[in-house]
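Protein chains: 2
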Amino acid sequence: MSNSKRLIFLPLGGAGEIGMNMYLYGYGAPDKERFILVDVGVTFPSMDGTPGVDLIMPDAAFIEARADRLDGIFITHAHEDHIGALGHLYSRLAAPIFTRKFTGAVARAKMEDHGQDIDRIEVMEAWPEQVTLGDFKVGFMPVSHSIPEASGLVIDSPAGRVVHTGDFKLDPDPIVGEAYNPALYREIAKDGVQALVCDSTNVFSKHAGKSESGLRPHIANMMKDASGMVVATTFASNVARLKTLAQAAVDSGRSVVVLGRSMKKMLGYANFAGLIDDFPPIVDVEDAHDIPRENLMLLVTGSQGERRAASAQLANGKYLGMTMREGDTFLFSSKTIPGNEVGVGRIINAYSEMGVNVVDESAGHYHVSGHANRPDLEEIHGIFKPKMLIPMHGEHRHLRAHADLAAERNIPSVIASNGAIVNLSGDTPDIESHIETGRIYLDGSRLIGAYDGVVLERMRMALRGAVVVSLLFEDNALIGESWAEVLGLPDTGAMEPALQEALERSIDEELVTAKKATLMSDDEVERLVTRTVSRVCKDLIGKKPVVKVLINRLVD
Amino acid sequence: MSNSKRLIFLPLGGAGEIGMNMYLYGYGAPDKERFILVDVGVTFPSMDGTPGVDLIMPDAAFIEARADRLDGIFITHAHEDHIGALGHLYSRLAAPIFTRKFTGAVARAKMEDHGQDIDRIEVMEAWPEQVTLGDFKVGFMPVSHSIPEASGLVIDSPAGRVVHTGDFKLDPDPIVGEAYNPALYREIAKDGVQALVCDSTNVFSKHAGKSESGLRPHIANMMKDASGMVVATTFASNVARLKTLAQAAVDSGRSVVVLGRSMKKMLGYANFAGLIDDFPPIVDVEDAHDIPRENLMLLVTGSQGERRAASAQLANGKYLGMTMREGDTFLFSSKTIPGNEVGVGRIINAYSEMGVNVVDESAGHYHVSGHANRPDLEEIHGIFKPKMLIPMHGEHRHLRAHADLAAERNIPSVIASNGAIVNLSGDTPDIESHIETGRIYLDGSRLIGAYDGVVLERMRMALRGAVVVSLLFEDNALIGESWAEVLGLPDTGAMEPALQEALERSIDEELVTAKKATLMSDDEVERLVTRTVSRVCKDLIGKKPVVKVLINRLVD
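Listed in order, the protein sequences are those of chains D and H. FYI, the numbering for the first sequence is 126 to 681, going by the numbering used here. FYI, the numbering for the second sequence is 126 to 681, going by the numbering used here.
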């Protein structure tokens with residue numbers, strides 16, 4: 126590696142996975158770069174791999190150790206996978222934060238929740254405004270997405286201009302916010318783009334993406350045709366969709382009620398940012414009881430089947446005094462994210478039992494994606510004509526397919542997974558080296574490493590149960606009898622001794638016949654007892670539990 | 126309820142859910158019916174709701190308590206959700222088992238695994254053969270599905286003829302087994318069908334189902350065009366698909382290797398049943414190493430991303446000496462069952478990293494469903510013209526949509542979830558009453574009730590961790606210090622005392638200041654210590670763990 130200055134790209138999260146986006150750009154000689162950070166996102170835990178974890182975020186140790194060389198943090202948009210870790214990690218990063226106005230409102234709330242200084246947030250206008258940080262000059266390039274004021278970044282450096290798309294789609298009529306503006310993008314591209322770092326989420330979707338506005342007539346017809354109350358759910362941050370749903374409700378003679386705190390918050394931020402001055406009036410839920418149900422439309426949270434959200438509570442019976450009845454309609458104006466099928470299905474079946482008519486996006490009428498499809502990506506490649514392309518925001522298969530797509534246009538690219546340091550200065554992208562990256566978990570109020578073993582032990586207990594054995598020794602002999610406590614294991618049948626009793630008897634027998642040398646050593650006793658518990662459990666219930674042995678030794 | 130004889134239908138599993146099918150038919154006066162049981166299936170556990178459980182099956186307590194009135198068990202086909210619980214529950218049911226030949230081979234293996242008498246299995250020919258059991262006469266009606274010799278049942282009773290479809294599709298060319306034969310169904314229907322009890326799985330699929338044979342040209346072209354080795358996976362029991370894949374391989378100059386025990390077993394059963402005399406030759410994996418990889422096609426298990434199956438092991442590096450390389454092709458000739466997306470995605474990404482070309486069913490070329498779609502259901506309604514329809518094999522939303530479909534043809538129906546006793550004797554189905562049903566879990570080697578609390582405790586430990594406290598008392602005073610063992614919880618930070626130490630100190634303080642009356646009672650001590658542990662954990666790590674307290678009292 127030479128000692129000359131170069132421009133590097135280093136994903137800390139979001140490359141080789143969808144979620145917890147965090148990307149570094151650096152300029153300078155090796156080990157002397159100055160950095161900017163793009164996005165500080167989270168990903169969500171699951172019972173499957175991370176039970177009991179509250180949030181998952183990238184391990185930012187690399188930049189935390191170099192925080193003195195971090196000049197700024199840019200947040201492209203306010204989705205949790207781009208902003209969700211800001212409050213949790215900010216004390217370790219401590220650089221000024223740059224956002225647009227709507228995103229800034231969300232960022233402020235995140236910072237306040239963690240007692241951080243909200244004055245570190247600087248709200249910028251869209252391109253052509255730029256901020257200069259060392260050798261970088263950065264501006265926000267408006268894009269369409271499924272949240273207001275989503276932006277790409279134009280990052281100028283001595284090695285040329287990088288366009289970092291963020292999450293985007295091409296929407297000529299996005300209902301809220303700036304429409305797709307190819308002229309603006311051509312203007313940005315006109316002096317050459319060194320690298321396009323580009324969203325890959327929908328690379329497998331073969332048809333051009335659809336506009337948010339295309340949903341309007343379908344949603345309007347549905348609301349008109351529905352006989353009872355209509356309840357609609359979508360992602361709380363999809364303010365454009367909320368507006369379409371609310372407008373269709375008003376047009377069909379329905380009053381709009383919003384249920385769910387996250388949705389109310391997002392409408393508040395959009396209002397603050399001056400984005401929804403023309404939003405239809407919202408009725409308070411307390412006044413809704415006086416309105417005939419055929420004249421009501423509830424906008425509710427919980428499109429992914431979340432157990433505590435409004436949609437699930439309505440499916441269980443009641444929420445803030447509102448109930449669903451036979452003949453009502455429930456609309457999923459959203460797609461089900463893979464992994465959430467079971468939770469969503471639970472709600473649909475509950476509504477089915479009530480006689481509620483459930484409508485979903487399967488006909489393509491009630492939801493559009495917020496990401497660019499394959500032909501849209503090709504259009505963007507053609508507009509920016511970058512010297513090189515770095516696929517981002519995708520699992521390995523998405524990054525690979527996106528790289529293949531670039532190759533069709535003879536644009537060199539490289540698959541850079543988390544931890545790859547990519548030199549963007551040359552004619553082709555060059556992976557210089559790899560650093561260690563990882564995940565950290567918010568577990569209760571603590572941040573822990575994914576490999577600390579804490580969650581692994583919980584998963585082992587979930588799969589195998591646990592046995593805790595308490596022993597009391599005096600003069601290297603067991604006093605009384607052992608005590609085994611069984612957690613999460615079936616007791617044995619009525620014709621046999623209970624598992625606990627069988628365990629205690631076997632442990633006692635082993636300890637009575639054990640050698641003194643064994644009994645003198647806590648480690649040896651632990652090994653012996655663990656082996657005994659495993660054997661007895663395997664014999665009686667066919668499982669080998671997690672075993673903990675507590676040894677008390679009486680000292681005179 | 127009158128005391129006259131009537132025909133009843135009682136689902137014990139599979140109605141209001143997809144999985145663990147088990148249906149009772151009875152004829153006789155209330156509490157004097159004689160029964161036949163149709164299918165004895167399982168459903169599969171998940172980390173989400175049933176961690177550590179091995180299998181889930183219906184609670185058959187109702188028929189177990191009336192086993193003296195059970196005259197026979199019929200298995201429609203050999204999928205696990207129809208046959209998987211046979212070995213586990215047979216000792217409680219103990220009636221003769223009736224199957225067709227292929228299903229009988231699978232049933233024999235299940236019975237042998239559990240030391241049951243295989244002579245209780247009676248293999249029958251397809252319709253028009255019938256067996257008479259009390260007032261019932263039952264025959265196997267051939268249907269197409271995704272496993273050989275799938276069958277519906279024609280159940281004659283003094284109250285008329287019931288057609289129980291089992292799982293079915295309409296396939297004029299199913300590759301293996303009997304083609305869709307509307308003439309045969311019309312013959313069965315000609316004297317009238319009292320009730321059609323009918324598969325509802327694909328009621329939401331709007332287009333007519335596709336034939337298994339339609340895949341042949343696509344698969345053949347894919348194998349011809351592939352440059353390296355081809356590896357294909359599908360459900361092990363889909364023998365027709367295995368044959369199509371193997372034939373396409375041979376036609377493109379490839380030798381066929383089968384990897385995965387369940388697939389080999391299924392081919393063995395099909396061979397035993399005389400169904401695949403024309404199956405292409407299979408090469409042993411030991412001989413495969415001498416064959417150029419472009420002349421190989423591996424048929425492997427693991428279409429659902431199962432961690433220990435051949436497909437996952439190849440994705441991890443090696444299986445039985447075989448490895449995947451850049452330029453090879455991996456074909457998912459299967460759909461991903463909801464809930465398995467993450468596991469399947471893991472494999473696809475691993476192959477993507479290897480440079481293996483992954484092909485899936487998204488283009489509709491490499492997989493067809495085994496269930497009748499909406500237009501196919503309409504066709505069947507039209508052929509059987511039943512007096513009433515009972516939707517089966519579906520979640521509530523499927524049953525409801527199927528009932529709505531029947532209503533379009535003015536066929537009366539009822540949504541009968543598990544536990545509903547439906548009188549089929551009249552002109553419309555009538556739910557007489559409900560019995561309690563439920564689920565039992567195979568947990569290691571034990572069968573336990575879903576509500577026994579065992580799995581709930583494991584889930585609580587997975588979400589919240591556990592703390593076990595051991596205390597030693599003499600004369601109602603703590604001897605020495607308490608001992609807290611922490612399982613699956615983060616330790617506290619470097620600047621604070623470790624969690625374990627903090628817990629022990631707080632417990633000791635509480636016990637030192639506790640009243641004697643408290644210390645004399647194990648229950649009171651347990652309450653005090655549990656409260657203390659909860660408080661300390663909540664303060665330090667933001668979680669409230671499962672707490673167990675072990676109290677030893679020294680007695681002189």
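Simulated from the structure, these hints should not be mistaken for lab results. A portion of the hints provided could be inaccurate.
Put simply, identical chains are the same to the list, so a pair is met inside one copy or across any two.
[As the list claims (entries may be wrong)] Below are the DSSO-like pairs computed for lysine-lysine, each with C-alpha atoms no more than 30 Å apart in a straight line:
#  : residue 1 : residue 2
1  : Lys349    : Lys331
2  : Lys331    : Lys641
3  : Lys390    : Lys335
4  : Lys335    : Lys460
5  : Lys157    : Lys512
6  : Lys130    : Lys331
7  : Lys669    : Lys157
8  : Lys157    : Lys331
9  : Lys640    : Lys663
10 : Lys460    : Lys331
11 : Lys443    : Lys331
12 : Lys641    : Lys512
13 : Lys390    : Lys669
Keep in mind the model is a prediction, meaning the values are calculated, not measured.
Going down the list of hints, with the structure as the test:
For the identical chains of this complex, lysine 349 and lysine 331 are inter-copy neighbours only, at 24 Å across copies versus 33 Å inside a copy, given an alpha-carbon limit of 30 Å. With identical chains, the CA atoms of lysine 331 and lysine 641 are never at most 30 Å apart, being 73 Å at best within one copy and 75 Å at best between copies. For the homomeric pair lysine 390 and lysine 335, the shortest alpha-carbon distance inside one copy (27 Å) is at most 30 Å, but the shortest distance between copies (48 Å) is not. Taking the closest pair of Cα atoms, lysine 335 and lysine 460 come within 30 Å of each other both inside a single copy (14 Å) and across two copies (26 Å).
For a Cα distance limit of 30 Å, the shortest separation of lysine 157 from lysine 512 inside one copy, 25 Å, qualifies, whereas the shortest one across copies, 83 Å, does not. With identical chains, the CA atoms of lysine 130 and lysine 331 are never at most 30 Å apart, being 40 Å at best within one copy and 60 Å at best between copies. For a Cα distance limit of 30 Å, the shortest separation of lysine 669 from lysine 157 qualifies neither inside one copy, at 53 Å, nor across copies, at 45 Å. With identical chains, the CA atoms of lysine 157 and lysine 331 are never at most 30 Å apart, being 43 Å at best within one copy and 61 Å at best between copies.
In this assembly of identical chains, lysine 640 and lysine 663 lie within 30 Å of each other by CA distance solely inside one copy; the values are 25 Å within and 43 Å between copies. For a Cα distance limit of 30 Å, the shortest separation of lysine 460 from lysine 331 qualifies both inside one copy, at 18 Å, and across copies, at 19 Å. Taking identical chains as interchangeable, the C-alpha atoms of lysine 443 and lysine 331 are never at most 30 Å apart, the minima being 42 Å within one chain and 33 Å between chains. Taking CA atoms no more than 30 Å apart as the test, lysine 641 paired with lysine 512 passes in neither setting, with 75 Å inside one copy and 80 Å between copies.
For the identical chains of this complex, lysine 390 and lysine 669 are inter-copy neighbours only, at 29 Å across copies versus 48 Å inside a copy, given an alpha-carbon limit of 30 Å.
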